[in-house]
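Undergrad: Using the sequences and the hints given, assemble the complete structure.
Listed below, chain by chain, are the residues.
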Amino acid sequence: MDNDIGLWAIPIAILGGAIRVSTPFLFVSLGEVLTERSGRINLGLEGTLVFGAMSGYAVACLTGSAWAGVAVAALAGAVFGLVHGLICSLPKVNDIAIGIAMMLLGMGLAFYFGKPFIQPVAPDLPSIPFGGWSGLPQLEAALNVNVLFLIGAALSVFFWWMLRSTRIGLILRVVGDSTDAARAMGLRPAIIRTLATGAGGAMAGVGGAYLSLYYPGSWNEGISSGQGLMAVALVIFARWNPIACFFAALLFGGAGALGPALQSVGVSSGYYLFYAAPYVLTLGVMIAISSPSRAMTGAPGELSLTK
Amino acid sequence: MADVTAMVQAGARAGAGEGWRAALARKSEAVVLPVGALLAGLAIFGFFLMTQGKSPAEFYGLVYKAGFGSWFSWQNTLSRAAPLLFAALCVALPARLGLVVIGGEGAIVLGGVAAGALGVVLSGASSWVGLPLMALAAALVGGLWIGTVGALRHYRGVNETIASLLMSYIAIALMNHIVEGPLRDPASLNKPSTAPLPDALRVGNIPGAELHWGLPVGILCCILSWALIDRTTWGFAARIAGGNVRAAQVQGLPVGRLILGFTALGGAFAGLAGFFETSAVLGSANASLAAGYGFTGILIAFLARHNPLAIIPVACLLAGFEASSGLIQRRMDLPDATVLVLQGFVFVAILLSDALYGRFKIFTPERWRT
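From first to last, the protein sequence lines stand for chains V and R. If you count the first sequence from 1, position 64 lands on 64 in my numbering, and the numbers rise without skipping. If you count the second sequence from 1, position 224 lands on 531 in my numbering, and the numbers rise without skipping.
FYI, nobody ran anything at the bench for these hints, they're computed from the structure. Keep in mind that a hint or two might mislead.
When the alpha-carbon atoms are kept at most 30 Å apart in a straight line, the in silico BS3-like pairs for lysine-lysine are as follows [said to hold, decoys possible]:
1) 334/R - 668/R
2) 498/R - 115/V
3) 334/R - 92/V
4) 372/R - 361/R
5) 372/R - 115/V
6) 92/V - 668/R
7) 361/R - 115/V
Restraint-style ranges between C-beta atoms, simulated for each label pair [what the hints assert, rightly or not]:
8) 168/V - 553/R: 27 to 37 Å
9) 217/V - 331/R: 36 to 46 Å
10) 247/V - 527/R: 49 to 59 Å
11) 359/R - 188/V: 32 to 42 Å
12) 493/R - 91/V: 21 to 31 Å
13) 331/R - 247/V: 52 to 62 Å
14) 675/R - 118/V: 39 to 49 Å
15) 359/R - 220/V: 19 to 29 Å
16) 553/R - 119/V: 32 to 42 Å
17) 561/R - 188/V: 39 to 49 Å
18) 553/R - 91/V: 17 to 27 Å
Glycine included, each C-beta is placed from N, C-alpha and C at the ideal position.
TA: Here you go:
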């Protein structure tokens, strides 16, 4: 079999990279959709992601089970989210600033406890080969899809349905759009927002576990470089719609895969500039969709970010 | 609106000749609460150390010894404080307008690269020509970088917190590209750098101390920033706009120019930090410019409640913690991230204290008679 596919290697590598790189974006942004729909923003998810990566890897190392790692990462993420939510429930506290503080704290704690786990090897999360039919090793590698990506895709549909057609979704939306209306309905916005932030944190923790347990697949202090924060911008891009989050995550994943894909075919000059592609894309998207005069369509009314 | 109302009320009270005791009570709230929050953060970190089987007393003792115990350790602390002063100003100035800019790291890095690149071009110049030009270039690049964040906020409504952090990642990528590509000194093998600066273009030490000129310049910038905010009509307008943008616009204040000016000025200060790092510390521009000063600067600005004068002692305190990091790692067998954990706890504590303003009767004269 002739495996020389020439420049086709680039789009295939980007496709495979998009699927691999997008999973953390997907989980963090789905979690943040829940949080922001309830009217709160959690910028600390970058720290949660890093702590999730560390705790997931550490537990997988110690127990030998990658799924135990994912569960603990989700739990740790939920704790970070709940703490963020509880602090933000106090009067006069700025949720954006708290996010920055929690980001620093999460990264500090992850680096502190993660030191002994930089060397050991943890078991990987399983993936399902979808590309066996093609006979092309490049395509097979690209279509080797991790189970968490599939779970994330299913969750984006589930969250979309949940927000649209269930009682929980309605409660989240009311709390997010108007604190007064929620109070009038007898809801308690502070508690609901705290729970939504906890759920968002749990999702970000799982996203972190994916980083350390599948791709790139090891724990080190540089494991995340802004994915948690980019995912927050991605939520705005996706207009707080979980299904749009799925496609936005793929797009961002593709941008993140650009650098490694070009490197794999031997392009080495301007290497760092291609690595900056996801940040440039995020910034470009934010510039394109923001407006100084009108509120963004689909934005929860109580969100401090868009006020 | 609350801030504007408070300012008008404060003016009325001053006119009515409010007693010194009430004035003192108001002032002391702004000191006692942050200091209390700082101590609470340090106490929480102490508990954290105890859960790790380490002694908080030993920890803080080592911090005192390595950061503040002798003239030698003070020199170490103060030279670390220099870039932090600039980095904190980059957060504090936009914050007075209500903007949370956290991307100072990017302006530091690019300012350092600009200074290093210009130094290569000016390699034959004398100190008196070269250094001011390098400082100017660094300030200009930093000012443009963070000023762009302000412009995006004002003209496009882009959230400045996210935009500034994204731009700092882009800045670090640009820096890596420049020092490993076009401007790489072929002799720098292990650590890609720009060509080393000639001695004439190195900022020296203050006579009689192992301390470069970045510290006095940084302190001067803090004092000037304080004067700008507290003693000029520009600063007054900025404080009003920070309290309520709409009210400021209705009053006809140039909110757009204020945002551009304050973000650009903050960025220019951060750029200066990069200039001093390149010219006084590193000797050429390289990846060591991204040392995290921009992030420590965020915490310092919040601890100082965005008051440029308060930044000076707070920066020295946090620089002391960073200066003692090495000794703590060796003596107590703690990882280098320990200081990061400490900073995280202090940061959360200081933000929590925001909920306490106006809660204590002793600080609120309005409630004294009731």
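Undergrad: Look at each hint and say if it fits the structure.
TA: Against the structure, the hints:
Restraint check for residue 334/R and residue 668/R: satisfied, since their Cα atoms lie roughly 14 Å apart, inside the 30 Å limit. The suggested pairing of residue 498/R with residue 115/V holds, with an alpha-carbon distance near 24 Å, which does not exceed 30 Å. At roughly 19 Å between alpha-carbon atoms, residue 334/R and residue 92/V fall within 30 Å of each other, so this suggested pair holds. A threshold of 30 Å between alpha carbons decides the hint, and for residue 372/R with residue 361/R the separation of about 17 Å falls inside it, so the pair holds.
With a CA separation close to 26 Å, the supplied pair residue 372/R and residue 115/V stays within the 30 Å bound. Distance hint between residue 92/V and residue 668/R is fulfilled; the C-alpha atoms sit about 18 Å from each other, no more than 30 Å. Distance hint between residue 361/R and residue 115/V is fulfilled; the C-alpha atoms sit about 17 Å from each other, no more than 30 Å. Range check, residue 168/V to residue 553/R: Cβ separation about 36 Å, and the 27 to 37 Å hint holds.
Remark: the range hint 36 to 46 Å for residue 217/V to residue 331/R is contradicted by a beta-carbon distance near 60 Å. Between residue 247/V and residue 527/R, the C-beta spacing of about 52 Å keeps the proposed range 49 to 59 Å intact. Separated by about 37 Å at the C-beta atoms, residue 359/R and residue 188/V satisfy the suggested range of 32 to 42 Å. A hinted range of 21 to 31 Å is violated for the C-beta pair residue 493/R and residue 91/V, which are about 60 Å apart.
As the Cβ distance of residue 331/R to residue 247/V is approximately 59 Å, the hint placing it in 52 to 62 Å holds. Judged by the Cβ atoms, the range 39 to 49 Å given for residue 675/R and residue 118/V is violated: they are separated by roughly 58 Å. About 22 Å separates the C-beta atoms of residue 359/R and residue 220/V, a value consistent with the hinted range of 19 to 29 Å. Checked against the hint of 32 to 42 Å, the pair residue 553/R and residue 119/V fails, with Cβ atoms roughly 56 Å apart.
A C-beta distance of roughly 43 Å is found between residue 561/R and residue 188/V, which places it inside the suggested range of 39 to 49 Å. Checking the proposed 17 to 27 Å range against residue 553/R and residue 91/V shows it holds: the Cβ atoms sit about 22 Å from each other.
Checked against the numbered hints listed earlier, the structure breaks hints 9, 12, 14, 16; every other hint is satisfied.
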